[in-house]
Amino acid sequence: MISVRGLHKSFGKQPLFRGIDLEITKGEVVACIGPSGSGKSTFLRCINGLEPFQQGEIVVGGVELHSLNREKPGRADREAIRKVRLKVGMVFQQFNLFPHMTVLDNIIEAPTRVLRLSRNDATQRAVGLLRRVNLERKIDSHPSELSGGEQQRVAIARALAMKPEAMLFDEPTSSLDPEMVGEVLSVIQALVEEGMTTLIATHEMDFAREVADRIVVFDQGEIVEAGTPEEIFRHPKKDRTLMFLRRVLRRNALPPG
Amino acid sequence: MIGSRGTGPAYLKYLLILPVIFLLLFLSSSSRSGSDAAAKVRERGTLLWGGDAEGGAPYVFPDPKNVDVLIGFEVELAGAIAKVMGVPARFVQNAWDSLIPALERGDFDLVINGIEITPERTAKVLFSRPYYVYTEQLVVRREEDGIRGLADLAGKRVGTLMGAVSQTMLQQAGGVDIRIYSGVVEPYEDLALGRLDAVFLDLPIAAYYARPNPLLKYAGPPAGEGYYGIAIRREDASLKEAVDGAIDRLLRSGELRRIYEKWGLWNEAQEKLFHPDRSPGAGASGRDARDAPLVTFFPALLKGAGITVLVSVVSMGLAVALGLLLCLLRHYSGGPLRIAASSYIEIFRGTPLLIQLYLLYYGLPNVGITLSPLLAAFLGLGMNYAAYEAELYRAGIEAIPKGQMEAALSLGMSRRLALRRIVLPQALRVAVPGVTNDFISLFKDSSLVSVIAMVELTKTYNILAATTLRFLELGLVAAFLYFAMSYPLSLMARRLEERLAGRTR
Ligand SMILES: Nc1ncnc2c1ncn2[C@@H]1O[C@H](COP(=O)(O)OP(=O)(O)OP(=O)(O)O)[C@@H](O)[C@H]1O
Ligand SMILES: [Mg+2]
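Note that the protein sequences, when read in sequence, are chains U and P.
Under numbering that gives the first Met the number 0, the residues of the first sequence are numbered 0 to 256, in order.
Under numbering that gives the first Met the number 0, the residues of the second sequence are numbered 0 to 504, in order.
Chain U with its partners taken away, still in its complex shape:
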């Protein structure tokens, strides 16, 4: 479903990725963990075409994103990026709801204007999604009238309204107050259980452990280690993984080491 091969990416002269490979099959749930600044967000943004990259290949649902001429994408590249974006939905750490629109308009904007759905059909779809994230009653609110958790759930509904084949979550709960983290995670969990192909960057180790089929550990622009939650959390092979886990799981039971 998503395949990344030999990804090279640098910011100006500052190299970040020096050849990253990752395959995600249909229905698989992959969690990216790793220290701050290790490149998790950038990785997700490359897959979604929000960041250009210098070398390598990203294929999403059969559509290829090529690297080299991406700084100034030509017509064919732009078309490919758009097709990829229609296949994968993205949810951001900062929600990024459109503040000048109601919840309903946030959700139906892209379906009506990009997919050319009728306003009626799009609204029906939106109501169904809002019911799923348990926010029907907020349909006419503006984003500024919602809590952070509610905003993030609307953002998820907005991405789902485009009927994507896969979802990218970039630290969906990192800007939330602790008491709102649960409500967002349970929405994601429900989605995963329905079989949505999912790539999620997160600092919620328990959650990653619980929902992910595979954990990928990033550090300084490299994939240090990848494996099942059991392998990564119980039997990490690399010292860097262990050090990272020690730091974030200080109060939890540490793997034997």
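FYI, nobody ran anything at the bench for these hints, they're computed from the structure.
Treat the hints with care, as some may be off.
[To be verified] In silico DSS-like links for lysine-lysine, alpha-carbon gap of 30 Å or less:
1) 12(U) - 401(P)
2) 401(P) - 162(U)
3) 155(P) - 64(P)
4) 82(U) - 216(P)
Got chain U; can you put chain P with the ligands on it based on the hints?
Below, chain P with the ligands without anything else, positioned relative to chain U:
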């Protein structure tokens, strides 16, 4: 932009200060009266004379061969008079239509600048004995056959000088579409371009500017004889005596005739200077206007205010739309279009509006584009303010977090659609306070279009004040009208800002 970007309350303060300033000026000028003015001039060692050298040929103007030196028959006259008084003369520049108030304020000792002796002015200032007998000359385009004299002017567009006797004569002719200018070059320019049907001005002006122009010709004989006199403050009777004596000596010695002959201005009519007792017929009365109640001027002032509103609203509409286009081209297009938009914005912000207006109205005809005053006013103000609006929009766009565009793109929207639906609506809201503020500035800057023969509120005030010399009362009324229009505007702007601030995010 020339005007300062004031807000409503600042403008209010300004209005309240105005009467105080006038009062101070009044007090300071009257406190100077009484003493021997002629003795003061000798004591100071220079005779200060006021005039307008801008388009001032053949009266007083910069020598084309050496623009630092002023020449003209009045320069020589002033020098000769000063010499008789035993002091050197020094010229003080002042706009022609406000020479009299500047004299009263004490900026110079006297005015020598083709000031016609009229009853309105005689009521305000002292006049020396006449130093020149002028006539008015009608000038038309070479191919014009229908206009032979004042009687043929009904319904015609005729240019003249603000506050000049020729203006009064045109008003009395009735039915003439009078176009009033502050300078003497521009009316002939507009006549040649076909924006006027005729120009009616003093013969010396026509002789210098119109006669050498192959596109123009005199229509009929000179009309309306009158006298030029030297204007002196009322309390300076001793100076008038000294000046009269000097003129008398120059007349008798033939010096005056020598000067006029040199400038091609001597004619038989000048013999009357030796017997100046009989007042010539021209310069008929504006006394009615001088004593009329203030209300009489309201229709004219309100009409001016209407033009001001029209010019402001249309220009602002243009500025808002063109500004948006410029902003989008500058930030979302590439290549030559982007460069063109950037250059436009920088050039229009980096040069004075006044010069842009002159170029548009008097410059473009040189390349075959002749705009009407109204169109030039719309374009001049609109194109200038568009550059500022573009910058406001840019600031608005930059204030919108990048995540907005990224979220829209990630939903499959094209850049263009995301811009139109997501970024711009938010950016424009951010720009609204600045735009309304600019509208108020533009509203006041609109007075600048008077330089291109648009008679809006400020110009109406200038004209009325120059003919009636009621600068204070009319000025207050005009200022009040501006305020009455701009204050509600700034209130509305503030309400709008509050509403926008209350909503979203
Ligand atoms: N636009 C940019 N320009 C230059 N450097 C950037 C840019 N965006 C990210 N970086 C750098 O790339 C590296 C990876 O950043 P990224 O945001 O992908 O890390 P992350 O793993 O998501 O971190 P966090 O957990 O804090 O979100 C960092 O060193 C960051 O400074
Ligand atoms: Mg990140």
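For each hint, the structure was consulted:
1. The suggested pairing of residue 12(U) with residue 401(P) holds, with an alpha-carbon distance near 23 Å, which does not exceed 30 Å.
2. Simply put, residue 401(P) and residue 162(U) have alpha-carbon atoms about 24 Å apart, close enough for the 30 Å limit, and the pair holds.
3. Between residue 155(P) and residue 64(P) the alpha-carbon distance is near 38 Å, which puts this suggested pair outside the 30 Å criterion.
4. For the suggested pair residue 82(U) and residue 216(P), the alpha carbons sit about 74 Å apart, so the restraint of at most 30 Å is broken.
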